[in-house]
Amino acid sequence: MARLELSNLHAEVAEGDEQILEGVDLEVQSGEIHALMGPNGSGKSTTAKVIAGHPAYEVTEGEVLLHLEDDEFGEDIEIDEDQRTWNLLDLEPNERAALGIFLGFQYPAEIEGVTMTNFLRTALNAKIEEREELFEDEEDEAEEEDDGFESSPMEGPADEGEVGVAEFQGILQEKMEQLDMDEKFAQRYLNAGFSGGEKKQNEVLQAAILEPSVAVLDEIDSGLDIDRLQDVSSGINALRDEQGTGILQITHYQRILDYVEPDHVHVMLDGQIAKSGGPELAEKLEDKGYDWVREDVYGTA
Amino acid sequence: MSAGTQVHANLTEEQVREISDGLDEPDWLLETRLEALAALEDLEMPDVIRTPGRDWTNLHELDFESLVDPLNAAENKDQVGPEDAEVLPWSEAVADHEDLLQEHFGSIVDPQENYLTALSTALFSTGTVIYVPEGVDAEDVTVRTEQNSRSLFNYTLVITEESSSVTILERQSTGEEAAEQYYSGVVEVAAGENSYVQYGSLQNLSEDAYNFTVKRGVADTYATIDWIEGNLGTQLTKTEVSTTLSGDSSETQIVGAFYGHNDQHFDLDAKVWHRAEHTTADLVTRGITDDVARSVYEGVQDVGADAWDTSSYQRENTLMLSDESEADASPKLIINNHDTEASHSATVGQIDAEDLFYMTSRGVDPRSARNMLVEGFFVPVLEEIDVDELRDDLEELIGTRLRERE
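Read top to bottom, the protein sequences are chains R and G.
Its first residue numbered 45, the first sequence is counted upward by one per residue in the numbering used here.
Its first residue numbered 169, the second sequence is counted upward by one per residue in the numbering used here.
Where hints are given, some of them may not hold.
Said to hold, decoys possible - Derived contacts from chain R toward chain G, CB cut-off under 8 Å, selection only:
| no. | residue |
| --- | --- |
| 1 | His98 |
| 2 | Ala142 |
| 3 | Leu147 |
| 4 | Ile155 |
| 5 | Glu156 |
| 6 | Lys171 |
| 7 | Glu174 |
| 8 | Leu178 |
| 9 | Gly288 |
| 10 | Gly321 |
| 11 | Gly322 |
If you are wondering where the hints come from, they were derived from the structure by calculation, not from laboratory data.
Note that the structure is predicted; figures quoted are calculated from it, not measured.
The C-beta atom is built at its ideal place from N, Cα and C for all residues, glycine as well.
Could you put together the complete structure from these sequences and hints?
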């Protein structure tokens, strides 16, 4: 189990002093689906990027904590008491990914010359390696204190535990079949020349392979036709159902929530969570827009 | 002051005669050399891009008096090719194919075009002639030159007869390290009717070396000349690759890749001259500048008045890995015939921060992500290379240089 906790999160654009997040409080637990809704400019995407560590934003106040339980990484890694809670704001984006944070992008980058297969295998191995380092570093330090070792005598070769090409092909093929993706995508360059829908499907594929604890999916439903929306939605549901991933689904529209049923719905206004509720809140938003929330919370439309 | 005066202090007719005698050259060739030597005094350096108050590449500061040591040239050379094509060291070509030499030598690159071509013509002591007879498909011609002396002047002539084809890999490297070296190479390609030439070159000389190279081809009717130009070595490289499309329906592709780091300076020209109907050109160059390295690129697509139905494309992209490196590009399109489809573009930029974030957010560490992005950046260029050895080596050299980077 893992729990992502945003507490009084304030953030501004790094180059400039435009404050965007004004104290966000939010908790997402493994196996839960949260929908984060709100009008344009309310801070939804900024929240997602700050969680993942985008360098364009500076956190001025608050915390982003990830709490891990023993079963989080399977039997390979036992989590010490003092390593169960990580302040993500102290970590680089790749370290956050290694701990199980995944950001599904609204506009995924198109990376020329890097095949999907190569990138995903590299990412998977990097995640495994980084995770070991994050947890072993602490052990090393402890050993250093105890035994005076400068580095861990137990450190194995760099490629130990890596997922090989053949093994990875198997994983990729299986996940692509589950998502009803054409095999040819595997050898194409990452998102290059992909349609909007293919890019979003690819984001879900990556999440399926990297098996995050918490996936923040930023408007993964935009630009999808109804068939693709269903494919992407079933992929998201599978993340939750089969891997126990906690989902923070950022969206403008109710329609994806017809397929990915949220446990909790949050409305963001002016950089804060203005209202939270169950799935019925999303339906109400679809019917009545956001003004009533503003009126309800601030007493003004 | 003309550029030639400084070199004359240590260059003499006797030296030129000695080089020519050593290769057993006929009189007409010796005369061509001597005329080039005599012309040095009046010739200018090759054109470089110039803006008010500044030459983008300063060739005048090269100290030729100390760099040029004509009688002590030393090299290791491999000149190999399939049996049905002739791949001849210069002295053998002089003995066996004087008629071919007389017809083509200096016909494409004017020996007296500028100071450096004249210097090369007067002093070249090594060379290769690649002759592909009619109808022969010659693959895997390799010319490897390892420079073991202070200066080395190299000349290459490629002649393809009708409906023949050849794939050539040329490599230049430095053997015994000398503090500063000068390498000069002239390549002429005469592509006969309906013939195909791919000329791949990988320059990986010492980073203390200076390099001047001109590679130029003329394509006859239905002929294709494709150039691959890889530049990694030297502290200063001035190179031009160009094709004249003189026959109807002739084609050319000029693909360039360079990677400059430390204080390397690359001045690269890619040029095509459309001089016949239905001709096609595609010029693609991609490069990296890092540390305080600098690249200067000039690309020219010149469509002549009689070049009806021309297609001509040019792209140059430079990626800067450091804030201190510099990259300048000057793509030019000169169109004198309205029946032309053409485009040209050049971009200079740094690694896209969003691309980097995308990759790191998936768990890839920033250094590996950057290396993947850079290697990926070169892929469109690498994909154009027919010769496996050239593609693999270029890829490996780029990868090694990236991984050496802190």
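Comparing the hints with the structure gives:
1. At a threshold of 8 Å, the smallest CB-CB gap from His98(R) to chain G is about 6 Å, leaving the interface hint in force.
2. Contact between Ala142(R) and chain G, as hinted, is supported at the beta carbon level, the nearest pair being about 5 Å apart and thus within 8 Å.
3. Among the interface hints, the one on Leu147(R) holds; its C-beta lies about 5 Å from the nearest C-beta in chain G, closer than the 8 Å criterion.
4. The restraint placing Ile155(R) at the interface with chain G holds, with a minimum CB-CB distance near 6 Å, inside the 8 Å limit.
5. For Glu156(R), the suggested interface contact is upheld, since its CB lies about 5 Å from the closest CB of chain G, less than 8 Å.
6. Interface hint at Lys171(R): satisfied, since its Cβ lies 4 Å from the closest Cβ of chain G, which is below the 8 Å cut-off.
7. Hint status for Glu174(R) relative to chain G: holds, with the closest Cβ pair at about 6 Å, below 8 Å.
8. Residue-level restraint check for Leu178(R) is violated (minimum Cβ-Cβ distance to chain G is 11 Å; threshold 8 Å).
9. At its closest, the beta carbon of Gly288(R) sits 19 Å from a beta carbon of chain G; the interface hint therefore is violated under the 8 Å criterion.
10. With 8 Å as the threshold, the beta carbon of Gly321(R) stays out of range of chain G, its nearest partner Cβ sitting at about 30 Å, so the hint is violated.
11. Below 8 Å, beta-carbon pairs count as interface contacts, and Gly322(R) has none with chain G, the closest being about 30 Å; its hint is therefore violated.
Violation of the numbered hints given earlier is confined to hints 8, 9, 10, 11; the remaining hints are satisfied by the structure.
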